[in-house]
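Residue numbers (my numbering), protein chains in the order written: chain E, 1 to 473; chain S, 1 to 178.
To be clear, the hints were calculated from the coordinates, so they are not data collected in a lab. If you're wondering where the values come from, they're calculated on a predicted model, not measured in any experiment. For glycine and all other residues, C-beta sits at the position ideal for the given N, C-alpha and C. There may be inaccurate statements among the hints.
Per label pair, the in silico range of CB-to-CB distance [stated by the list, open to error]: (1) 161(S) with 240(E): 19 to 27 Å; (2) 277(E) with 60(S): 25 to 33 Å; (3) 473(E) with 159(S): 54 to 62 Å; (4) 162(S) with 262(E): 23 to 31 Å; (5) 106(S) with 363(E): 51 to 59 Å; (6) 156(E) with 159(S): 53 to 61 Å; (7) 162(S) with 122(E): 42 to 50 Å; (8) 164(S) with 276(E): 38 to 46 Å; (9) 280(E) with 159(S): 39 to 47 Å.
The list that follows gives simulated cross-link-like pairs (lysine-lysine, BS3-like), each with its CA atoms no further than 30 Å apart [claimed, not checked]: (10) 176(S) with 103(S); (11) 200(E) with 170(E); (12) 169(S) with 399(E); (13) 280(E) with 105(S); (14) 85(S) with 169(S); (15) 176(S) with 97(S); (16) 170(E) with 139(E); (17) 280(E) with 176(S); (18) 205(E) with 170(E).
Letter by letter, the chains look like this.
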Amino acid sequence: MPAKAGASWQDRIVLWQSFVERRQARCLACLESAAFGCLPPFMTTPDALSRPHWRRRAVLAALGAAAGAPALAQFRVEISGVGATQIPIAIARFRDEKLGGQPISEIVRADLERSGLFRAIEAPGVLDEGSLPVMSEWKGRNVDALALGSVSRLADGRFDVRHKLWDVVKGEDLGGQAYAVPSADLRLAAHRVADAIYEKLTGEKGVFSTRIAYVTRAAGRYTLRVTDADGEGGQVALASPEPIISPAWSPNGRELAYVSFETQKAVVWVQDISSGARRKVADFRGSNSAPAWSPDGGQLAVTLSREGGSQLHVMDRGGGNVRRLTSSSAIDTEPVFSPDGRQIYFVSDRGGSPQVYRMAASGGSPERVTFNGGYNISPAISPDGRSMAYITRQGGAFKLMVMDLASGDVRALTDTSDDESPSFAPNGRLIIYATRSGGRDVLMTTTLDGRIKTRLLSSGLDVREPVWGPFGR
Amino acid sequence: MNAMRGSLGALAAAALLAGCASGVKLNETPVETRTPVAADANAGAGAGAGGAPQSQVTTVSVDPNAAAANAPRVVYFDFDSFVVKDEYRPVVEAQAKRLNADKSKRVSIEGHTDERGGREYNLALGQKRAEAVARSMSLLGVNAAQIEPVSFGEERPAVQGSDEGAWAKNRRAEIKDR
């Protein structure tokens, strides 16, 4: 509900109140009709959020509206900031959504809103992909695009999820898709619908059907979880009484490398996500950590201390053919391959304090990349190879920065002070990172200009080390 | 003679008690016959048919290394530092002595950091702390094969908290038996 420029804060309060009331009414209506979760994403203008009492109200309103919602949706979406242009889109309830037990249209709506590029408009009525909408009616609601769809059950027990997208302004049918999925993949089908709409209307690939992995810690137990990019549908890949750090997706999205302390030291494992089969790939003397996949998935760069210190090595994905890449008496760690596989960025304190360096993937003399500040770590390279996200220490604060690699220009992206572990979405448009808020570890996404942020709110667990998976699940 | 005296003693005791006991007739009190029994197993070669020498004392020697086994095993570090300060030399020396006395003993030296900073960089810093302690022990003659330096980085704090008091107690290396 973006306020018009120049609106007084009192105007915004009124807008906000009526927005919340309509959302709450909608949520109650949806609770009455079926056992769906309500996913009310809240949007406010940056100014409104900057007043602390409004931030509290926003969170309380979110909690209040969600209080009755069943446990289906454990993550709530909280969005702050408003993009320059947002496409007003209406996503009608998919006919017979209840059949599969997943709120398809709600998932699509939350996905599109979370990207910051869309503003969802109310879409009453019973319509499906076969309906012929009356354009004048939708234009009257200030809608630019309209998505309609349905869910039906197939003879083999799977579900057929169909949608169609309409350009309301031009009165044009933009086409649609049909996905036949088992019930376990209904959320995925909804995310694919959101991707299709996103691509049609923005010209870019959506990341709604990708996955993220992250680590949770609660009551002395650790899990490595894999969830949809919206944080929902989480499944546990590894549960352990000892810490798990540094997860890394294989480029084909089928495996996760990670560091586990289950044998009372740091050891690198690779695990097949679907089957759970896992193998140790680095268990040498001392600590083994910081796994990073080469873009072709054939190699892993790791940090080993088997010859003393912490030095970069590269090995085959099975753990064999280990070659040392750096030979310094410093700490060299956190390797990450450039997207073309030709270079490795890494962290070294060979200059006296940790900075980001870059060298040829075959080893060789590194060149320094970061020059602002005395402590720069955790590099992540964008899929187009042009930007680097990293963490800088300023005073006692740890802040997420993004650097344009060609010019060296650096920009801060957050106003939090405990940021960690940035990772790019595979379309290069978003960065996921961990930070601390309200005494808890939380996961956030941000656009590269820092203007639109969303928070993936977990159910009370400390969450850390997020990594964004690749396209093509 | 001893045996008789022993029984008379028993009778005397029984007689004393008879006044309070319920009718135990003196002439029915059994007489115990004592025969010399072999001294306990520690008497060793001296036992023989004649019994252990009365003056036998067996020496128990407290293991001079036992004290070291219970000695403090933690070295603390300053912020961003992996220097083993002089005040912790005795810790290193005591543990080195233990390991030198028994070449089959093995230890892990586990390095830790406080919570500030990146996880992987802290893992490497903890590794440096563990290796600094290992180096100090090698200089005292301990075999490298007896020591494995490892790191937990910031993942296993000894003390929860976000103040210097907690942080100081987490910047450490611990020597653990394998």
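Against the structure, the hints come out as follows:
1. In this structure the supplied range 19 to 27 Å holds for residue 161(S) paired with residue 240(E), their Cβ-Cβ distance being about 24 Å.
2. The given range of 25 to 33 Å is broken by residue 277(E) and residue 60(S), whose C-beta atoms sit roughly 55 Å from each other.
3. Between residue 473(E) and residue 159(S) the beta carbons are some 42 Å apart, a value that contradicts the proposed interval 54 to 62 Å.
4. Remark: the range hint 23 to 31 Å for residue 162(S) to residue 262(E) is upheld by a beta-carbon distance near 27 Å.
5. Judged by the Cβ atoms, the range 51 to 59 Å given for residue 106(S) and residue 363(E) is violated: they are separated by roughly 34 Å.
6. The hinted range of 53 to 61 Å is satisfied by residue 156(E) and residue 159(S), whose Cβ atoms lie roughly 58 Å apart.
7. Checked against the hint of 42 to 50 Å, the C-beta distance between residue 162(S) and residue 122(E) comes to roughly 45 Å, which is consistent with it.
8. About 43 Å separates the C-beta atoms of residue 164(S) and residue 276(E), a value consistent with the hinted range of 38 to 46 Å.
9. For residue 280(E) and residue 159(S), the Cβ-Cβ distance of about 31 Å falls outside the hinted range of 39 to 47 Å, so the restraint is violated.
10. Restraint check for residue 176(S) and residue 103(S): the C-alpha separation of about 16 Å stays at or below 30 Å, so the hint holds.
11. With a C-alpha separation of about 14 Å, the suggested pair residue 200(E) and residue 170(E) falls inside the 30 Å cut-off, and the hint holds.
12. At roughly 26 Å between alpha-carbon atoms, residue 169(S) and residue 399(E) fall within 30 Å of each other, so this suggested pair holds.
13. The suggested pairing of residue 280(E) with residue 105(S) holds, with an alpha-carbon distance near 27 Å, which does not exceed 30 Å.
14. As the CA atoms of residue 85(S) and residue 169(S) are separated by approximately 15 Å, the hinted pair is consistent with the 30 Å bound.
15. Between residue 176(S) and residue 97(S) the alpha-carbon distance is near 15 Å, which keeps this suggested pair within the 30 Å criterion.
16. Proximity of residue 170(E) to residue 139(E) is assessed by CA-CA distance (about 10 Å); at most 30 Å being required, the pair is judged to hold.
17. At roughly 24 Å between alpha-carbon atoms, residue 280(E) and residue 176(S) fall within 30 Å of each other, so this suggested pair holds.
18. With a CA separation close to 23 Å, the supplied pair residue 205(E) and residue 170(E) stays within the 30 Å bound.
The structure fails hints 2, 3, 5, 9 (numbered hints given earlier, in ascending order).
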